[in-house]
Amino acid sequence: MIEGARWQRWLYFYCPLSVFVLGLLFPFYWMLVTTFRPDGELYRPWNRANYTPFWTTNPTLEHIYYLFRETLFSAWLWNTMFIAIVSTLISVFCGLLAGYALARLRFRLAGGLGTSIFVTYLVPPTLLFIPLADVIRTFRLADTPWALILTYPTFLIPFCTWLLMGYFKTIPRELEECARIDGASRIQAMLKIIFPIATPGILSAGIFAFTLSWNEFIYALVFINTPHQKTVPVGVVSELIRGDVFFWGPLMAGALLGSIPVAMIYSFFVEHYVAGLTGSVKG
Amino acid sequence: MLPRPGAARPALLGRLLEDERSLAYLLLTPTIVLLALFIAYPFVLGVWLSVSSATVGVAGHFVGLKNFDKAWNDSIFRTAAFNTFLYTGVTTVFKLALGIWLAVLLNRHFRGKRLIRAFVLLPFIIPTVLSTFAWKWMFDPTFSVINWGLWKLDLITARVNWLGDPYLSLISVMIVNVWRGVPFFAISLLAGLQTISPELHEAAAIDGANAWQRFWRVTWPLLLPVTMVVVLFSVIQTFADFQLVYVLTGGGPANATHLFATYAYQIGVGTGLLSEGAAISLAMFPVLFLVVVLQLWYIRRVETR
Chain A
1 MIEGARWQRW LYFYCPLSVF VLGLLFPFYW MLVTTFRPDG ELYRPWNRAN
51 YTPFWTTNPT LEHIYYLFRE TLFSAWLWNT MFIAIVSTLI SVFCGLLAGY
101 ALARLRFRLA GGLGTSIFVT YLVPPTLLFI PLADVIRTFR LADTPWALIL
151 TYPTFLIPFC TWLLMGYFKT IPRELEECAR IDGASRIQAM LKIIFPIATP
201 GILSAGIFAF TLSWNEFIYA LVFINTPHQK TVPVGVVSEL IRGDVFFWGP
251 LMAGALLGSI PVAMIYSFFV EHYVAGLTGS VKG
Chain B
1 MLPRPGAARP ALLGRLLEDE RSLAYLLLTP TIVLLALFIA YPFVLGVWLS
51 VSSATVGVAG HFVGLKNFDK AWNDSIFRTA AFNTFLYTGV TTVFKLALGI
101 WLAVLLNRHF RGKRLIRAFV LLPFIIPTVL STFAWKWMFD PTFSVINWGL
151 WKLDLITARV NWLGDPYLSL ISVMIVNVWR GVPFFAISLL AGLQTISPEL
201 HEAAAIDGAN AWQRFWRVTW PLLLPVTMVV VLFSVIQTFA DFQLVYVLTG
251 GGPANATHLF ATYAYQIGVG TGLLSEGAAI SLAMFPVLFL VVVLQLWYIR
301 RVETR
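Protein sequence lines correspond, in order, to chains A and B.
Each residue of the first sequence is one higher than the last, beginning at 1 in our numbering.
Each residue of the second sequence is one higher than the last, beginning at 1 in our numbering.
One should not assume that every hint holds.
What the hints assert, rightly or not - Derived list of chain A stretches under chain B, where covered just means 3 residues or more per stretch with a C-beta under 8 Å from a C-beta of chain B:
1. 103 to 110
2. 151 to 158
Claimed, not checked - To be clear about the criterion: a stretch of chain B counts as covered by chain A if any three or more of its residues have a C-beta under 8 Å from a C-beta of chain A, and this derived list gives those stretches:
3. 111 to 121
4. 200 to 208
Everything labelled a hint here was simulated from the structure, so no lab data went into it.
No experiment lies behind these values; they were computed from the predicted model shown.
The beta-carbon is built from N, C-alpha and C at its ideal position, and this holds for glycine as well.
Build the full structure now, drawing on both the sequences and the hints.
The structure is reproduced here in structure tokens:
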């Protein structure tokens with residue numbers, strides 16, 4: 001419980017916490033207000049008198065209409081969704097098998113392979129994007145969704161493997177041994193006993209991987225050039241700015257709508273997401 | 001009687017799947033293939049590119065360390081290197097300090113705790129580029145809401161050009177990085193805090209330790225393993241950061257805010273000098289390697305203890 005006198009509680013707890021929450025959420029609020037604010041109100045110099053600075057009395061949908069009618073935003077949304085879902089499925093599948101093998105089976109290279117997968121988990125995409133662009137060109141994948149679907153797993157699989165290894169290690173071996181004594185093969189024990197118990201871990205890995213691929217930027221920026229093949233982050237950055245002119249209304253509308261799918265999934269699975277986050281750094 | 005060939009195959013497969021070693025390699029195959037194709041091979045190719053004269057569409061030939069030498073004598077590269085270290089150092093200190101503070105606050109019991117915790121993590125999960133755009137709009141030279149607020153509070157009289165001034169723009173980028181990173185620190189450290197038994201705090205309180213002493217003598221030492229891992233993890237991400245600078249300043253004004261990654265992008269993709277870009281990217285490698293080794297060593301030590 002929070003102890004101490006009332007003023008102490010305010011000084012040491014409520015005030016700092018409110019400042020944190022306000023500071024962390026204000027940019028999103030500003031995104032929301034800008035999305036619905038008419039242009040006449042948006043482009044008003046910062047020190048001009050303004051009677052409704054933090055909201056608007058004339059909300060408008062023009063920026064959202066613009067986004068869907070004049071730009072390829074709906075295509076970007078679809079691309080991002082498709083790429084995120086497929087690369088997440090591939091990564092969870094690979095991570096599940098690899099995590100099981102590394103956590104449960106005894107073989108000579110287990111330690112070495114485990115370490116190298118952990119190391120690739122720490123390789124940032126910015127280290128490899130230039131040679132990787134060359135590889136993508138060689139495989140004739142450039143400008144297709146597969147350029148991203150196949151490269152996102154490079155940072156998603158190590159993460160999923162690492163997270164699921166942690167999960168598998170907490171499941172007692174006896175469960176598997178009982179199934180084996182009852183005549184189940186190794187594969188059957190894995191599929192029917194271990195994987196179902198690991199469902200929360202699988203869900204965590206999947207949700208985390210989905211948000212990571214929705215968030216990815218540099219590979220999408222470098223590997224995709226055709227406007228209608230782009231993902232939301234890259235499309236918003238490269239197509240909504242004409243030269244030096246920023247259309248802030250549509251830009252913020254794009255940022256808001258591009259964030260909603262991730263925010264929705266997150267809100268449904270907060271606990272799993274947090275478990276994934278803390279599991280990913282604990283090792 | 002001779003076994004029929006058709007029956008032998010499932011039996012052989014079954015035996016392979018029963019054998020621990022062959023099953024392990026089978027399960028690891030998809031992962032190893034993907035990582036070999038898209039991590040190991042590009043890495044080798046990157047090393048080759050960095051010692052070659054390749055440009056877009058031209059294979060190039062071996063030129064030794066010429067690209068690294070050129071980068072070393074390039075004043076923008078030096079600024080980028082300096083910026084990267086400064087950026088990583090300063091933001092990590094702030095993220096850690098604010099992250100621990102927020103974690104301690106969230107570790108108390110209060111109404112709406114779960115809701116607040118869920119909201120606090122938003123900067124970390126919302127796509128970075130999109131939230132960075134909101135910041136760019138808030139930093140806008142003419143329409144900045146931050147300037148408006150500071151002006152209303154009588155803190156400034158003239159506008160602050162957040163992204164137009166060489167020094168201030170780096171600070172602005174750091175502010176956004178700290179904003180995005182604090183939730184990650186706070187939530188990870190909160191998980192660490194929750195494993196610390198409240199009885200330890202009660203015991204220390206009975207012995208007369210005040211809140212500050214209880215933090216430094218009880219919480220901090222017990223939290224250190226988690227903190228180390230979180231910090232090293234964040235250092236890698238920050239050191240190799242790209243999105244924030246790309247969106248907020250594009251490396252400007254006058255190339256003052258480049259990091260390794262954004263400069264590598266400008267040279268390698270913008271100008272098409274693949275080999276020089278690859279060399280600049282690889283310049284990050286020694287530091288990243290050191291941090292990864294440190295991370296591995298630390299995790300091993302914690303595990304074997």
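Evaluation of the provided hints:
| no. | hint | result |
| --- | --- | --- |
| 1 | 103 to 110 | holds (count 5) |
| 2 | 151 to 158 | holds (count 5) |
| 3 | 111 to 121 | holds (count 7) |
| 4 | 200 to 208 | violated (count 0) |
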